[in-house]
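S.K.: Protein sequences appear in the order of chains A and B.
So for the first sequence, this note's numbering puts the first residue at 1; every next one is plus one.
So for the second sequence, this note's numbering puts the first residue at 1; every next one is plus one.
If you are wondering where the hints come from, they were derived from the structure by calculation, not from laboratory data.
Just to be clear, a hint being listed does not mean it is correct.
Unchecked claim - Below, in silico cross-link-like pairs of lysine to any residue (SDA-like), each with a Cα-Cα straight-line distance of 25 Å or less:
#1 B:Lys139 / A:Gln356
#2 A:Lys358 / B:Asp29
#3 B:Lys253 / A:Glu360
#4 B:Lys139 / A:His342
As the list claims (entries may be wrong) - Just so you have them, the derived chain B footprint on chain A, three or more residues with Cβ under 8 Å:
#5 213-222
#6 296-302
Idealized CB from N, CA, C, for every residue including glycine.
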Amino acid sequence: MSQIETFYEVMRKQGITRRSFMKYCSLTASALGLGPAFVPQIAHAMETKPRTPVIWVNGLECTCCSESFIRGAHPLAKDVVLSMISLDYSETLMAAAGHHAEAALEETIEKYKGNYILAVEGNPPLNEDGMFCIVGGKPFVEQLKHAAQHAKAVISWGACASYGCVQAAKPNPTQATPVHKVITDKPIIKVPGCPPIAEVMTGVITYMLTFDRLPELDRQGRPAMFYGQRIHDKCYRRPHFDAGQFVEHWDDENARKGFCLYKMGCKGPTTYNACSTVRWNEGTSFPIQSGHGCIGCSEDGFWDQGSFYNRVTDLTQFGIEANADKVGMTAAGVVGAGVAAHAAVSALRAAQRKTQDKKEEA
Amino acid sequence: MTEQSIHTPNPDVYPLESSRLTGDATAQDIESIRKRTSVFVYEWPVRLWHWVNALCITVLIATGWLIADPLPTMTFAEATHQFVMGYVRFAHFAAAQILTIGFFGRIYWAIVGNHHARQLFYVPILNKRWWREVVFEIKWYLFLEREPKKYVGHNPLAQIAMFFFMTLGITFMIITGWALYAEGAQAGSLSHNVMGWLIGWVGNTQFLHSVHHLGMWFIVIFMIVHIYAAIREDILSRQSMVSTMISGTRTFKDDRPD
Ligand code: HEM
Ligand code: SF4
Ligand code: SF4
Numbered sequence: 001m002s003q004i005e006t007f008y009e010v011m012r013k014q015g016i017t018r019r020s021f022m023k024y025c026s027l028t029a030s031a032l033g034l035g036p037a038f039v040p041q042i043a044h045a046m047e048t049k050p051r052t053p054v055i056w057v058n059g060l061e062c063t064c065c066s067e068s069f070i071r072g073a074h075p076l077a078k079d080v081v082l083s084m085i086s087l088d089y090s091e092t093l094m095a096a097a098g099h100h101a102e103a104a105l106e107e108t109i110e111k112y113k114g115n116y117i118l119a120v121e122g123n124p125p126l127n128e129d130g131m132f133c134i135v136g137g138k139p140f141v142e143q144l145k146h147a148a149q150h151a152k153a154v155i156s157w158g159a160c161a162s163y164g165c166v167q168a169a170k171p172n173p174t175q176a177t178p179v180h181k182v183i184t185d186k187p188i189i190k191v192p193g194c195p196p197i198a199e200v201m202t203g204v205i206t207y208m209l210t211f212d213r214l215p216e217l218d219r220q221g222r223p224a225m226f227y228g229q230r231i232h233d234k235c236y237r238r239p240h241f242d243a244g245q246f247v248e249h250w251d252d253e254n255a256r257k258g259f260c261l262y263k264m265g266c267k268g269p270t271t272y273n274a275c276s277t278v279r280w281n282e283g284t285s286f287p288i289q290s291g292h293g294c295i296g297c298s299e300d301g302f303w304d305q306g307s308f309y310n311r312v313t314d315l316t317q318f319g320i321e322a323n324a325d326k327v328g329m330t331a332a333g334v335v336g337a338g339v340a341a342h343a344a345v346s347a348l349r350a351a352q353r354k355t356q357d358k359k360e361e362a
Numbered sequence: 001m002t003e004q005s006i007h008t009p010n011p012d013v014y015p016l017e018s019s020r021l022t023g024d025a026t027a028q029d030i031e032s033i034r035k036r037t038s039v040f041v042y043e044w045p046v047r048l049w050h051w052v053n054a055l056c057i058t059v060l061i062a063t064g065w066l067i068a069d070p071l072p073t074m075t076f077a078e079a080t081h082q083f084v085m086g087y088v089r090f091a092h093f094a095a096a097q098i099l100t101i102g103f104f105g106r107i108y109w110a111i112v113g114n115h116h117a118r119q120l121f122y123v124p125i126l127n128k129r130w131w132r133e134v135v136f137e138i139k140w141y142l143f144l145e146r147e148p149k150k151y152v153g154h155n156p157l158a159q160i161a162m163f164f165f166m167t168l169g170i171t172f173m174i175i176t177g178w179a180l181y182a183e184g185a186q187a188g189s190l191s192h193n194v195m196g197w198l199i200g201w202v203g204n205t206q207f208l209h210s211v212h213h214l215g216m217w218f219i220v221i222f223m224i225v226h227i228y229a230a231i232r233e234d235i236l237s238r239q240s241m242v243s244t245m246i247s248g249t250r251t252f253k254d255d256r257p258d
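Based on the sequences and whatever the hints tell you, model everything.
M.R.: Okay, here's the thing in structure tokens:
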């Protein structure tokens, strides 16, 4: 595969100076949580290794992952990684369209058999033989399986590919299915979020390209360095949570003071993502910083966990307005009333027997 | 020393001598006390566990409620020096640790303790006699039986309730609770090493919060029924109930064999 250029060559072609290249290497190292000792290692790998080709396919999705990706905070990272990818196949970003695009896909698969990374944005709907998502005249699920067959590894971009997201929310009419349930014989890395943070995406892809292996994954298959902690664990409003200071209503005095959004339904305590550390839009802000709770967008089935504005999840099985407390309190109320009635009857019975016994004695 | 007790008919012994002098004991009382029987059922670890467990659960319910639905916001110090939610959660976790250790201790005692210490941990569904007693006990609670049976340990309905609500219920709360705890303690902690698999298995831990929360109501319902039944039986049944869990001794109120 000597005809493939190295990462470094690609970068130089893009007009990137060596100084900027070294900066990129150290930034990537720190984004990945690696020490300075890894900087030369990354640089060396990028200088000597042929770049890894990437095929990027899109199923049922809204393209927010691509949108996020091309807004990487570090412009260098974005340019570099993007140029490496768009060289191969990405429906959204490449110039080709129609038959040319399909031909490009086939060509890439053929050329890099067993060597390319398959990045999946969106998921395949399986109902009606996959008719709800057609790519190039065929159900997306076929393209997905076809492209995955010779892939070295698969990246599931975003909540869609990782878990299903909104199209898989109950009752999931199209039977939208996350990638790992369709592709079962390849290493899959999930990068959930709606969308995932740009730096997380470039970080993951750079790690895989430079080290030629998947980063350390957690139990759910997410890169541990970005999804190892909850929003709540690193939230800058956490002191107000521990102090018991909460926003009680939208736009109240407490909201202006920046108190914790727990009572407004913040899902930070159950959401694993890097928003509270990496933040969004070049590190400008993130939802909680702008005064809205986390909605848990990087969690499995976050659309089906009740309202975004309640801490205690609605249980729609028991009616639209029910939650654990309403169900529990009703049950406890019924049992309590039953107990009271039973106690009353017991007392009456006992009294009755006493008078009877007395009569018998008499 | 000669064998002198009110249980052996002995004309030389005058029961309740002092009570007789104060006029507190009637002839009927004296006749009754000559015969009453009692049996030692619950050893001290069982009784201690019962009350520690009850206290822990009370604390866990109160603080659990306040975790899901926190106290109104208050500000009496700088956030750094104020720890209202922190203390609520601390109390929850402290009680949770005691509850967990206690539960393991109770399991240990079921193994080394007496026969009655084991009743909490099984339901003898293969025993036909036991099923007949279940039916009888249901009828007693439906006012269809005039007189309850005597039981040394738990009656069969109580045994069913305790097994499902306590043994299984507490196991469920301990498992889901420690998985939630592991989230805060994070990967690498002891709780995460032990319970992290559950976080991975359920995926979205908001679900864990929901079922842990429903579990609380499960236990609240048990408490209502349990306390009512204990007091009712103490009054209406033929044996002691509440005091048995304090002294360990079951006393019967009559001498009929069944
Ligand atoms: C009888 C036993 C228990 C009861 C009734 C109980 C009750 C509750 C309730 C109602 C909640 C709020 C759930 C929500 O977010 O909606 C809660 C949260 C929690 N409980 Fe328990 N619990 C019990 C046992 C335990 C045990 C044994 C542990 C183990 C450490 C535990 C750890 C936790 C944790 C970590 C949370 C979440 C705290 C947070 O999100 O800040 N609980 N509990
Ligand atoms: S705002 Fe949300 S994530 Fe931040 S401390 Fe409050 S509950 Fe946790
Ligand atoms: S703060 Fe929560 S909802 Fe918002 S982007 Fe991050 S993970 Fe998604």
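S.K.: With reference to the structure, classify each hint as holding or not holding.
M.R.: The hints, checked one at a time:
no.	hint	in the structure
1	B:Lys139 / A:Gln356	21 Å, holds
2	A:Lys358 / B:Asp29	18 Å, holds
3	B:Lys253 / A:Glu360	21 Å, holds
4	B:Lys139 / A:His342	13 Å, holds
5	213-222	holds (count 3)
6	296-302	holds (count 5)
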